Amino acid sequence: MLKALLKKQFRELGQSLFPTRKKDKNGNIRTRSRAFYVLIYSLVFFSLTLTFLGLAFGLSSFLDPAIGLYSLYFSIVGLVAILFGVFGSVFSTYSSLYLAKDNDTLLSLPIPPAAILFVRMLTVFVMSAFYTLPVWIPGMVVFAIFAKTSLVTILSQLATYLLVCIFVCFLSALLGFFVAAIASRLKNKSIAAAILVVLFLGVYYFACFRMGNIMTALIENAAKIGAFADKYLLFLVWLGEGACGQGLSLLLFALVVLALFALLYFILSKTFIAITTRKVGEKKAIYHETTARKGSVSSALLKKEWKRFVGSTTYLLNAGLGVLLVPIFTVVLAVKSKDLLPALASMGLASATAVLPYLVPALFLSMNAIAAPSISLEGKTLWMLKTLPVTPWQVLRAKLSLHMLVNAPMGVVATIFLGVWFGLDVLSILLAVLALVAVLFLSALWCLFWGVKKPMLDWTNEAYPIKQSAPVMFAVFGGMGLAVVSGIPGFLLCSVLHPAAYYAILVVVLLVPSFFLFRWAKTGGAKLLEEL
Amino acid sequence: MLRIEHLTKKYGEKLAVDDLTLEIAPGEIYGFIGHNGAGKTTTLKSVVGILKFDAGEITIDGVSIKKDPLACKQKLAYIPDNPDLYDFMKGIEYLNFIADVFGISPEARKEKIATLSGVFEITENLAQPISSYSHGMKQKLAIIGAFLHDPKLIVMDEPFVGLDPKAAHELKGMMREHCDRGGAIFFSTHVLEVAEKLCDKVAIIKEGRLIRSGSMEEVKGDESLESVFLELED
Numbered sequence: 003m004l005k006a007l008l009k010k011q012f013r014e015l016g017q018s019l020f021p022t023r024k025k026d027k028n029g030n031i032r033t034r035s036r037a038f039y040v041l042i043y044s045l046v047f048f049s050l051t052l053t054f055l056g057l058a059f060g061l062s063s064f065l066d067p068a069i070g071l072y073s074l075y076f077s078i079v080g081l082v083a084i085l086f087g088v089f090g091s092v093f094s095t096y097s098s099l100y101l102a103k104d105n106d107t108l109l110s111l112p113i114p115p116a117a118i119l120f121v122r123m124l125t126v127f128v129m130s131a132f133y134t135l136p137v138w139i140p141g142m143v144v145f146a147i148f149a150k151t152s153l154v155t156i157l158s159q160l161a162t163y164l165l166v167c168i169f170v171c172f173l174s175a176l177l178g179f180f181v182a183a184i185a186s187r188l189k190n191k192s193i194a195a196a197i198l199v200v201l202f203l204g205v206y207y208f209a210c211f212r213m214g215n216i217m218t219a220l221i222e223n224a225a226k227i228g229a230f231a232d233k234y235l236l237f238l239v240w241l242g243e244g245a246c247g248q249g250l251s252l253l254l255f256a257l258v259v260l261a262l263f264a265l266l267y268f269i270l271s272k273t274f275i276a277i278t279t280r281k282v283g284e285k286k287a288i289y290h291e292t293t294a295r296k297g298s299v300s301s302a303l304l305k306k307e308w309k310r311f312v313g314s315t316t317y318l319l320n321a322g323l324g325v326l327l328v329p330i331f332t333v334v335l336a337v338k339s340k341d342l343l344p345a346l347a348s349m350g351l352a353s354a355t356a357v358l359p360y361l362v363p364a365l366f367l368s369m370n371a372i373a374a375p376s377i378s379l380e381g382k383t384l385w386m387l388k389t390l391p392v393t394p395w396q397v398l399r400a401k402l403s404l405h406m407l408v409n410a411p412m413g414v415v416a417t418i419f420l421g422v423w424f425g426l427d428v429l430s431i432l433l434a435v436l437a438l439v440a441v442l443f444l445s446a447l448w449c450l451f452w453g454v455k456k457p458m459l460d461w462t463n464e465a466y467p468i469k470q471s472a473p474v475m476f477a478v479f480g481g482m483g484l485a486v487v488s489g490i491p492g493f494l495l496c497s498v499l500h501p502a503a504y505y506a507i508l509v510v511v512l513l514v515p516s517f518f519l520f521r522w523a524k525t526g527g528a529k530l531l532e533e534l
Numbered sequence: 006m007l008r009i010e011h012l013t014k015k016y017g018e019k020l021a022v023d024d025l026t027l028e029i030a031p032g033e034i035y036g037f038i039g040h041n042g043a044g045k046t047t048t049l050k051s052v053v054g055i056l057k058f059d060a061g062e063i064t065i066d067g068v069s070i071k072k073d074p075l076a077c078k079q080k081l082a083y084i085p086d087n088p089d090l091y092d093f094m095k096g097i098e099y100l101n102f103i104a105d106v107f108g109i110s111p112e113a114r115k116e117k118i119a120t121l122s123g124v125f126e127i128t129e130n131l132a133q134p135i136s137s138y139s140h141g142m143k144q145k146l147a148i149i150g151a152f153l154h155d156p157k158l159i160v161m162d163e164p165f166v167g168l169d170p171k172a173a174h175e176l177k178g179m180m181r182e183h184c185d186r187g188g189a190i191f192f193s194t195h196v197l198e199v200a201e202k203l204c205d206k207v208a209i210i211k212e213g214r215l216i217r218s219g220s221m222e223e224v225k226g227d228e229s230l231e232s233v234f235l236e237l238e239d
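Chains as they are written, first to last, in the numbering used here: chain A, 3 to 534; chain B, 6 to 239.
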């Protein structure tokens with residue numbers, strides 16, 4: 003039974019991450035090679051690993067035999083892995099665990115709820131492992147370069163990694179449980195759940211950053227490490243010592259992680275049916291006849307996209323969080339600019355004032371891949387768009403419009419605010435805004451491209467098309483890459499060019515691929531949608 | 006109203022519909038019967054433009070679905086066998102969405118929604134999200150959405166599945182009324198008693214091939230439709 007459940011769950015996960023089955027124009031299913039996806043995922047993984055390799059090298063001074071803070075090194079690597087892992091998996095945990103469309107079917111079969119939950123938690127575990135590995139591998143590599151390593155330490159590090167993944171899975175599932183328990187009693191579930199996740203996450207990160215501060219203080223005052231850590235940060239100390247091959251610490255770390263996980267699993271399995279089937283809090287609304295305003299086809303399609311977006315917690319969190327992060331980081335950047343700008347200038351990045359008004363919103367909004375899962379989300383309702391008198395291009399245009407309408411206003415406000423704050427001239431601000439809109443438009447087209455190219459229509463849980471699918475991964479990481487590639491050269495070029503000139507060039511450069519992708523969307527993309 | 010000529014549709018090597026030809030005139034309720042997997046849904050989906058077909062031609066009111074799908078879709082409505090609607094919308098939002106797509110005026114849609122939702126007794130539920138609807142309520146909403154813009158041709162795949170007896174009775178009345186006003190209905194069903202009483206014409210399909218079609222009297226003669234169907238299927 004468990005084997006059958008696992009097979010079903012991982013077949014679905016596999017199909018969303020490696021959508022090799024494709025319908026041809028005659029509706030026949032064709033199977034394609036997985037090599038392409040393996041290559042792209044490897045590239046994404048490699049880029050993330052490189053990023054964290056820099057961090058690991060930054061911590062390599064701890065591994066100097068004269069200092070010998072080996073376990074502290076792994077404590078910090080572990081903490082970063084936990085932070086990144088939770089960020090990567092938490093937004094889809096609520097829906098992964100509780101909102102599957104096959105809940106009723108599975109609950110009606112002779113399968114214990116605990117088994118259903120176990121299999122779904124394994125999916126969360128896989129995502130946790132995917133996001134923590136690019137942090138952990140560089141950690142191990144740098145350790146091997148600078149410290150003495152043996153088979154025992156390597157095995158200990160692998161065991162610790164496994165436990166870190168379980169701990170990330172525990173944290174994500176705990177958050178998913180709280181959100182589900184509260185949201186199931188509320189009326190506007192999707193928005194309420196989204197707010198709850200953001201709130202919980204805010205508290206979680208605040209706590210983690212506090213811990214980070216404590217650790218920084220410890221690093222600066224290494225003499226007090228032993229006493230303080232033993233008193234307050236035992237869990238992280240065990241993690242670090244365990245990874246360095248100290249058997250007792252590894253055992254203690256394992257005991258804590260496994261005990262926490264087992265306790266949560268017990269609670270979740272006991273409450274699973276109650277939460278998935280709870281209907282309270284839904285006061286029956288009564289319809290009162292009203293005269294609706296007549297809208298155009300385009301506005302009807304756009305409204306439909308908007309309702310889908312705000313009607314799903316998973317969609318809102320995974321494709322809308324950037325809108326919330328932009329104002330937060332804009333304000334933080336403005337407040338901290340007095341300290342930050344001189345620091346950047348000392349690193350030879352004096353042009354930051356010209357680049358950041360563009361780069362900050364572009365980077366955070368590239369996380370909002372709204373258009374990427376929008377085709378897959380049509381799922382079994384695609385028949386409607388195919389039988390209504392609307393053209394495929396009208397459908398795609400509505401998806402593009404939503405992407406822009408959600409992202410562009412916040413981005414424009416942030417760019418103007420930062421531009422004014424950093425004292426850019428009006429022309430530079432205007433062109434920075436144009437460049438931002440251009441990069442968002444290209445990003446929207448990029449998302450739509452993957453959404454149409456690799457749709458996944460037969461999902462049972464919306465977390466798959468929204469979070470754990472090939473088009474979304476390609477769209478998000480590609481979008482982030484686009485923001486970085488278009489913004490980073492500004493740090494160099496704005497020292498020799500006027501910011502307005504840089505942004506003018508950027509607008510032109512961004513519009514060229516946008517033109518081709520836009521033309522493709524109208525013709526090739528529309529044709530692909532028609533053939534789905 | 007609907008002309009299907011030599012329709013052929015393959016899934017890989019499998020022939021789902023094989024050289025099917027039939028015609029439905031205005032005012033006719035045309036029943037389409039056959040065993041599971043005979044090719045009924047494939048035919049209906051080809052008619053409404055969901056599936057592309059390999060050979061043949063389908064015209065609705067003289068317009069080819071291949072050449073001008075949009076013009077055809079303006080004239081038709083489709084109710085699938087499983088009413089997967091937009092769960093994230095409320096019932097009334099879904100109907101307004103359909104009305105907007107077909108450009109129905111506010112007054113006309115208000116009147117139509119009031120009448121049709123009253124007939125199916127779901128007026129009060131229109132303010133609730135579709136996700137909270139039962140299968141039958143979704144089916145009723147899909148039917149209201151289909152009748153909302155007065156289509157010339159309505160294509161239905163097992164329309165009575167999930168409906169309560171009263172709603173099924175009302176639907177039969179609406180189908181007759183629609184055809185009496187010059188519209189046409191092409192629907193598949195496994196309920197042969199309903200087909201026998203309701204349809205003006207009937208077509209029987211087996212393994213993708215049309216094995217008998219014509220007026221009800223021509224097809225069944227003095228026997229019941231059920232016995233003719235079972236005979237032909239054997």
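Derived by calculation from the structure, the hints in this document are not laboratory data.
From a predicted model like this one, the values you see are computed outputs, not experimental measurements.
Beta carbons are placed, not taken as given, at the ideal position from N, Cα and C, and that holds for glycine.
Careful, some of the hints might be misleading.
Claimed, not checked - Covered stretches of chain A, going by a simulated chain B footprint (3 or more residues, C-beta under 8 Å):
#1 58-65
#2 287-295
#3 382-396
What the hints assert, rightly or not - Okay, the calculated beta carbon distance ranges per label pair:
#4 K5(A) x R186(B): 53 to 59 Å
#5 T279(A) x D227(B): 50 to 56 Å
#6 D104(A) x A132(B): 43 to 49 Å
#7 A352(A) x S137(B): 57 to 63 Å
#8 K19(B) x I42(A): 30 to 36 Å
#9 K382(A) x E116(B): 28 to 34 Å
#10 K272(A) x A132(B): 53 to 59 Å
#11 A119(B) x V422(A): 24 to 30 Å
#12 L41(A) x K72(B): 36 to 42 Å
To see whether the hints hold, each was checked on the structure:
1. 58-65: It is violated, with 0 qualifying residues against the three required.
2. 287-295: holds (count 9)
3. 382-396: Coverage by chain B holds here, the residue count being 10 at a Cβ distance below 8 Å.
4. K5(A) x R186(B): 53 to 59 Å: Holds - the Cβ-Cβ distance for K5(A) and R186(B), about 58 Å, lies within 53 to 59 Å.
5. T279(A) x D227(B): 50 to 56 Å: Since the Cβ atoms of T279(A) and D227(B) sit about 53 Å apart, the hinted range of 50 to 56 Å holds.
6. D104(A) x A132(B): 43 to 49 Å: violated (28 Å)
7. A352(A) x S137(B): 57 to 63 Å: The hint (57 to 63 Å, Cβ to Cβ) holds, given that A352(A) and S137(B) are roughly 58 Å apart.
8. K19(B) x I42(A): 30 to 36 Å: With Cβ atoms ~34 Å apart, the hint holds.
9. K382(A) x E116(B): 28 to 34 Å: With Cβ atoms ~31 Å apart, the hint holds.
10. K272(A) x A132(B): 53 to 59 Å: violated (35 Å)
11. A119(B) x V422(A): 24 to 30 Å: violated (53 Å)
12. L41(A) x K72(B): 36 to 42 Å: With Cβ atoms ~41 Å apart, the hint holds.
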